[in-house]
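J.: Going line by line, the protein sequences match chains A and E. For the first sequence, UniProt numbering assigns the number 1 to the initial residue and increments by one for each residue that follows. For the second sequence, UniProt numbering assigns the number 1 to the initial residue and increments by one for each residue that follows.
Any copy, or any two copies together, can satisfy a pair, since identical chains are not distinguished.
In silico lysine-lysine, BS3-like type, Cα no more than 27 Å apart, as pairs:
no.	residue 1	residue 2
1	LYS608	LYS622
2	LYS290	LYS179
3	LYS177	LYS290
Simulated from the structure, these hints should not be mistaken for laboratory data. Just so we're clear, the structure is a prediction, and the values are computed from it rather than from any experiment.
There are 2 protein chains.
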Amino acid sequence: MTIEEVLIDLKKKIKTQLPKEITISDVDFEGPELVIYTEEPRKFADDGDLIKGLAKELRKRIVVRPDPKVLAQPEEAIEVISRIVSSESGISSHFFDVDTGEVVIEAEKPGLVIGRHGETLREITKEIGWMPKVVRTPPMKSTTVNNIRQFMRTNKEERKALLKTIGRKIHRGLSSKDKWVRLTTLGACREVGRSCFLLSTPETRILIDCGVNVSGEDNGTPYLYVPEVHPISQIDAVVLTHPHLDHIGLVPLLYKYGFEGPVYCTPPTRDMMALLQLDYLDVAAREGKKIPYESAMIREVLKHTITLNYGDVTDIGPDMKLTLHNAGHILGSSVAHFHVGDGLYNIAFTGDFKYEKTRLFDPAVNDFPRVETIVMEATYGGSRDMQPSRKDAERHLQEIAKETLENGGNLLIPTFAVGRSQEVMIVLEEAIRKGIISDVPVYLDGMIYEATAIHTTHPEYLNNELRTQIFHKGMNPFLAKCFVQVDSKEKRQKIIDDREPCIVLATSGMMNGGPVMEYLKAFGPEEKNTLVFVGYQAEGTLGRRIQKGWKEIPMHAAGGRTETVKINMHIDTVDGFSGHSDRMQLMEYIRKMRPRPEHVLTQHGDEKNCMDLASSIYRKFKIETRAPMNLETIRLA
Amino acid sequence: MTIEEVLIDLKKKIKTQLPKEITISDVDFEGPELVIYTEEPRKFADDGDLIKGLAKELRKRIVVRPDPKVLAQPEEAIEVISRIVSSESGISSHFFDVDTGEVVIEAEKPGLVIGRHGETLREITKEIGWMPKVVRTPPMKSTTVNNIRQFMRTNKEERKALLKTIGRKIHRGLSSKDKWVRLTTLGACREVGRSCFLLSTPETRILIDCGVNVSGEDNGTPYLYVPEVHPISQIDAVVLTHPHLDHIGLVPLLYKYGFEGPVYCTPPTRDMMALLQLDYLDVAAREGKKIPYESAMIREVLKHTITLNYGDVTDIGPDMKLTLHNAGHILGSSVAHFHVGDGLYNIAFTGDFKYEKTRLFDPAVNDFPRVETIVMEATYGGSRDMQPSRKDAERHLQEIAKETLENGGNLLIPTFAVGRSQEVMIVLEEAIRKGIISDVPVYLDGMIYEATAIHTTHPEYLNNELRTQIFHKGMNPFLAKCFVQVDSKEKRQKIIDDREPCIVLATSGMMNGGPVMEYLKAFGPEEKNTLVFVGYQAEGTLGRRIQKGWKEIPMHAAGGRTETVKINMHIDTVDGFSGHSDRMQLMEYIRKMRPRPEHVLTQHGDEKNCMDLASSIYRKFKIETRAPMNLETIRLA
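Isolated chain A, as found in the complex (with noise of 0.2 Å):
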């Protein structure tokens, strides 16, 4: 069947679905969504089941769209509109889309606008024809979010294009008589770093992860120029975990290298990544390397990524779909599940996850509908690689605090803008709001800020504890007063001269550059203050240094000369913060999972560890396992 013979069909099976009163004008493709036009969009409203109904029916995700001679105009749509919702949902803006016959409407409380299981979405249909998409207006004011949407709306007519291009390679059919399914290992397999992996099947091509190694040499980039991922413009789509540069630094690349097609991941993930791949190129230019390729191609990243949400189940090729789920790693984390072929086999990503209940977020999901193969991460896979729990990690760190504010002392935290950040700051804000430690401002220098304003725009992908906290007690931990952004040279300068007791966080993580270098030195020859490690620090870093215990630190002071600062104040490593699961989580997460994984391959870690959790698994639970090397292709199916 050619793809329009598809679409004929499809209109027929759903005129047959639908009551007789709706017509339906058009069908087509867009992206991995059915889109259905209709004169009626007003009588789907009526019958909130009717998509649904559908879309099971299909198994297709299904939008409907109204004709636009139906819809009515912009301004007495706005009035219905705030006629209909409750004015407490701080609607700040509405934007008209003729093509798509879609309302985008920015909100504080986006719930208002939807109503109890979208009741209020539909009113509004009825009344004005056009069909409400809801998005939240960030109760921190983010820069990012904000240029991405507006970027999003530039350049909707081309995605328009994308999306209906890439929908009709989805839904092509089936080529090949043959069935496999086949893993090469591009990165990542026996070391940290360069995550990459191609799924492949005589149909379709997913790439995993496209990730740098920046601590790398020569090796920092995934085995690209493999065969196997070639022609790279005709790879299906690339599938993200999560936005950290080991995972996302070489998205863009591919886009050089002649890459057309989609990148999956969830909102969040979509935010971060932009902001971290545009951070890494800034990082990159002030220190003088190289970095492959420019901020043209993160345009292009963003025009082709389609967003998915934990459990949607996505077609993402003629044979394959792809379901996102919850990974406790970082915020919209994942762990990525693919269903090959119509039951043919099941294989599971976890990317890198953590199997314990966070402040932010729910552990990770261990629990599919089937699963043969799981590829897990095992950073910290070694038998000995034991952390204290969450709770203690926590108290440790408050201890520290209290002790140091009231010696009259200054708290550094040396912390990655994406993740640990906003675990730290949850548990400040409660020690502060407590009472435990004294009410001090709390500083957010880097990216630390921007990082949080994205949080606030996605607080669906914070676990239940922390929703129920910020939409029915209406107390947003981020939002607390204690938190400072440090925004310019001289708000961080006053911070230094003013010596007031505080606490600072700031990138980073590892010391390696970044403002936390100005409030080291500042801060660093003082008795009182102290300097608190929450996260790993890499061999050849500064902050491995300094936790070695180095005491004179020759750093680049104003007019090319180097001096030294000494190291007296205190040095102290709160471990537990980690959003990797430790030894015990892994295997833990592996003997609780359901059902019963028939392989597991681990990687994200370094050999020894990579190893160990693999035989370890093995004689635990006897199932198959392996430690892939890179540059295997291993048959599943």
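Since the structure of chain A is provided, determine the placement of chain E on it from the hints.
T.: Here is chain E on its own, set in the frame of chain A:
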């Protein structure tokens, strides 16, 4: 270094190595060889060790060519040659190639033209300047060999250009800092048929065998469509272990797909490959089957074939050396040994092999300078796949022949043209010569005569005893007067009509077509005749049915009718003539291998046999083994 710089460098090195009085006019690559042009070919000829010394020093295969201006006139040269070389040598033709400065001398006894350690050759060069190259006049007239020689002469200009291009590719510099070795399985894994492997490094990609599964329906072709093989135009070379269709049937297709590189194999493999590929097309045309290439592509294969003798260590890529060794399976069959990088890795492919001395061949070689991985066949890898010794098999066959002939019957032996026929011929010739069976004609019908003629062209590839018998005792069993070629319908009809006691060897070996069918119709109904199988009869073939005891065979007759042939003749099977190692020989091959390999991969056997052999070798020798599936890529180093 560019290739021109490499050549300049080599020229310098050669000059310092050579005596001053020898001047070098040019050096260039032709295929894997380094060609040295000189105006003093006579001085080169003075010292037999000069070229050997250069080859060792430069680690290159070296050819010396005279500058055209120092060459004698052909008429004069012929006179000189006939003066120097004994008339017993039976020189039948001279071919002077001004481009290469070579004179190709075709002689019945090449040894007499070559002389002890090449003495006579050097004498010829000293007198006439031309470099003599000696080929054997087939003592049995072989159309194939004649046609190939004629074809190569006609296309020598094109071939020279090809060899130059190939040479420059082989000797290009290294381009990658990465070091790895991978093996991709494209066919014959856990199955028999369509043998095809890809050995790749960052520099070089080599295809080993490219067969077709003639009995396969959909799956007759190796997985040539997977990206590892593409672009096919950039594969560096194809290496062939032996010329059976399941190893060489689809080599011509590669040229259709854009491959432009060389094919490496022994001279007998080249000749028999041409014969068998052309026959494959003929048979398919008669049966109305479609083969995906035409005879023009077989000519492309010939044009691109570079023959290597056993033991020649040859550069086939910037980081790869190939050496072919005797495999004992059929004439010129090879174990292909690859030395990768400068000591990085060694891997050998047995192809099909016989680890037992037979009438024709020495046992397969299992002694290498180094070998980390061996890829071996497992046709008879099952623990019960034992065969009688060759001696018992021979005695059994002789007894059957004796009894049948004494009863005045005819003995019909269906055989493959290549390999099995010649083994049986030697046994029968000896039995007749020694009077064990009566002196009856042994008719050779189908391609058997032609295949035997190719054997007589390459006696160097037979075992020691047979060579001694042929060269020193002047007794070539293939030329015995008992063998009679059946080269016309009339001759065949006469044999059938006469019903004189005789032995008939006829193709096809499994009785699915070919002249053997005519003899079956004629001899089948009479009880005094015997049909004896000397090879494996696959499920679904007529041979297998008759073996099982079918007594009535429907057959096509003249005028499109079907007639039923009654099988009253005696049916017998002689095991032990197989060209494959039986289970015990497979195990012995590994047990005695030097050095001991680190990994053994089993293939070319059904799933059970591949797994059984792999696990037995592991248990017995504690060597890591694996029975890979098709479509895997295994990282070797």
